[in-house]
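Asks: If you're matching them up, the sequences are chains A and B in order.
Quick note, in my numbering, the first sequence goes up one by one and the last residue is 355.
Quick note, in my numbering, the second sequence goes up one by one and the last residue is 506.
The hints are simulated quantities; they were obtained by calculation from the structure and are not laboratory data.
Model, not experiment: these values are computed from the prediction.
Do not rely on the hints blindly, as some may be mistaken.
[Stated by the list, open to error] Take a look, some chain A residues computed to stay more than 10 Å from chain B by CB distance:
1) 59
2) 219
3) 326
[To be verified] Only pairs whose alpha carbons sit at most 30 Å apart, straight line, appear in this in silico BS3-like list of lysine-lysine:
4) 87(A) x 336(B)
5) 350(B) x 194(B)
6) 290(B) x 325(B)
7) 336(B) x 194(B)
8) 316(B) x 87(A)
9) 403(B) x 87(A)
10) 87(A) x 451(B)
Cβ atoms here follow ideal geometry from the backbone N, Cα and C, with glycine treated the same way.
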Amino acid sequence: MLEQLIPNLKNQIGKLKIGNFTWQNSRAFWTVLALFIIIVANRLISPNFFSIQMVEGRLIGSLINILDGAAPIMLLSIGMTLVIATKGVDLSVGAVMAICAAVAVMLINQYESGATDFYYTPPFVILIALGTGALCGLWNGILVAFFDIQPIVATMILMTSGRGIAQMITNGQSPTFTDDTLAFIGRGVIFGVPFPIYLYLAVFLLVYLLVRRTAIGLMIESVGINARASYYAGINASLIKVLVYVLSGVCAALAGLIIAGEVKSADPHKNGEWAELDAILAVVIGGTSLSGGRFSLGLSALGVLIVQSLLTGLYISKLHPTANLVVKAIVVLVVLLFQSDEFRRRIRQLVRRRA
Amino acid sequence: MSINEQTQFPLLETQGLTKSFIATLALSEVDFTLHAGEVHALLGENGAGKSTLIKLITGVHPKDAGTILLEGKVIEPRSPGHAQELGISAVYQEINLIPTLSVAENIFLGRQPMRFGLVNMRSANRRARELLETFHIDIDVTRDLSSYSIAIQQIVAIVRGVDLSAKVLILDEPTSSLDRHEVETLFSVIRSLKKRGIGILLITHFIDQVYEISDRITVLRNGLKVGEHQTQELPKVKLVSEMLGKELTDELMVQNGQQTNGESEHETFLQVRGFARRGMMEPFDVVVKKGEIVGLAGLLGSGRTETAHLIFGIEKSETGEAYVKGQKVNLTSPQKAIRHGFGLCPEDRKAEGIIDDLTVRENIILALQAKMGWFNHLSRKRQEQLAQEMIDALRIVTPDTEKPVKELSGGNQQKVILARWLISNPEFLILDEPTRGIDVGAHVEIINIIKRLAKEGKAMMVISSELAEVVDYSDRVVVLRDRKKITELEGDQISENTIMQTIAER
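Chain A extracted, bound-state conformation (with noise of 0.2 Å):
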């Protein structure tokens, strides 16, 4: 009957259409059954997932801690998706996350101790901590494109001499802060609704305006799926790479500084550490092919909440705890197969020999 309802029902979401978008497109239909499954399973387990409560001003429930979770990582995922789009790889995003906060935290040190000057006010200490993600991304993408290093290797140089920077940027330690704007960026509370929420919205709406109303979204899919067709076609691929590895590295300060706000500390160590890895997943599951060409922020997005949605529920099913990760390799493999073209092929051909 499972065989009959899916495709079914995948017809019926098929006629949806939104905007350009397309329900047709199958790696969209699997990833958000994906999501749906676990999450009807969550609520299986623990009858009240779906609670939220208003608790001093703050909105407590678990969808609420999975998207509060989430957020440095679908803020790394946009960063990821796009230069993953253009066949290249970020690997270095962890270790950009603990820089930027080992940068951020230094310099509001030395506010908290009294120095005057403008650039240690709060909102220059975030602006500079977001330009030193630029700039590390500026770094990878001057690799990458202009001296041709393979975006893998390329990127791993920062990743493995990252935190080393860190922590000579710290000292060796991992400093403590008390200022509350810096803190606000992981901590803080609109509406009831964490910030790294509005922060990961705003950022996506701004950098799907960025490719999805200019040419540049287009530009990025050619590069990736045919890098020397587009460069013929008079496409700057050169700048198309440069600029997607700067504004993952902007997403990676921003996801820094929300773990650098949450522990109001900057650990060169423990910021961002795997983080890069799960991103890399996320877009994966997302349906963003790892070869390049066609993207979706969104389904990236989702990606990330199918882990988290999926830690959440290991979390509450009172499993043991050793499992977890088991079990998240389990789940992120059924539904990668699921989205293999190749995979549904033989699973049809098994049932038609059947029948």
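Based on the hints, put chain B in the right spot on chain A.
Replies: Chain B in isolation, oriented as in the chain A frame:
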């Protein structure tokens, strides 16, 4: 080894060798003989069957029919490795050695001299040095192969092949990326192999080199053997006409329909002086006028595509200058060329032309959008409108504008790339083999489009292997040979005969 002992049988012989791939006959009943101590050139244009013949002899593909004999004995090579054991080695244009290993390691890869169960590198190095010295090549064999020029890498590949006790050595385009001096070095190696009684089968596009080094020539065309000659007895013009499949006639062909009523009518669009790039193209001058079609004719590898790439800025010219409408311009990237009103439909449609996952619409608007910049975005509606206009104008067969371009036929893909340039309204279009690999109907349509564009006043440069086609639409024909511009033909001079004679003679 004495050559005479073996002359009772040819060294290598094929009888009625036949091979077809899905629906196409690649090689049809080809008889071919190679003697010991001879250099035998195998010539033909694209799709003639040269590489198929070699792949059957070296066991890459199984043959459908016919026999292969080595020293009079029937052999059935199953793989390149097996062919090598039998004594047939092949060295390809893309050298299949390992660049990060040393010269000596490459020569002895897979059969290193062992000592106490370990590779005896010292003995390998000594033997490699000795081997190379017999060819008067004196290099440090312990350095990485990649640190040497392509010529030396070729020679290392040859030495490796010969040391594997080769009787037959196949050289596929060995000189295509070498300069004159390097070609000399390679030829001296070939001559010393000849003296040792090795039979050498040579594939090359360079006609002059064929006459310099080869003893005999076999010409293939469309999978058939069309001629076998002693090199010294074959006039070049006969060779060219055999390769192109055109009979030489005494009277000139009927003049083409385009009338060039004196040069004064056309205004010069582009003038190029002394463009060149080492190892790619000798210095050339060319002028293209508005409303005029300049044909580029020459054999495969003569430098036609290279000329187009230099003009379009894909490869940067090392010398010379270019003028667009009298103004000196800088043509160092496609972007710059496009800004001056250029467009290029590349030869390799799949690798350089279409963006296969993008839709017909996106492919069509790509160059225009790139020209307009990132932020001057064509609205979706305008894109659809432009794409639809082009689909109608060029009669592109597609259900709608949103079909991925990879699902279209070759001819329609070619039209999409043409459309991509046409909507950006270029003043000068370069078309590299616009009719290759497309069906007959589309072929005629594309030629009509080319003529129409010239009539509308666009400057055009068209590269084609189809001589009849070039003669049909060209106002002038630039003839190329061995990466050199030989001459330019105009008006009454343009005929298949004169083009062939020019390629062969001057």
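Asks: Check each numbered hint against the structure and report the violated ones by number, ascending.
Replies: Hints 2, 5, 7, 10 are the ones this structure does not satisfy, whereas the remaining hints hold.
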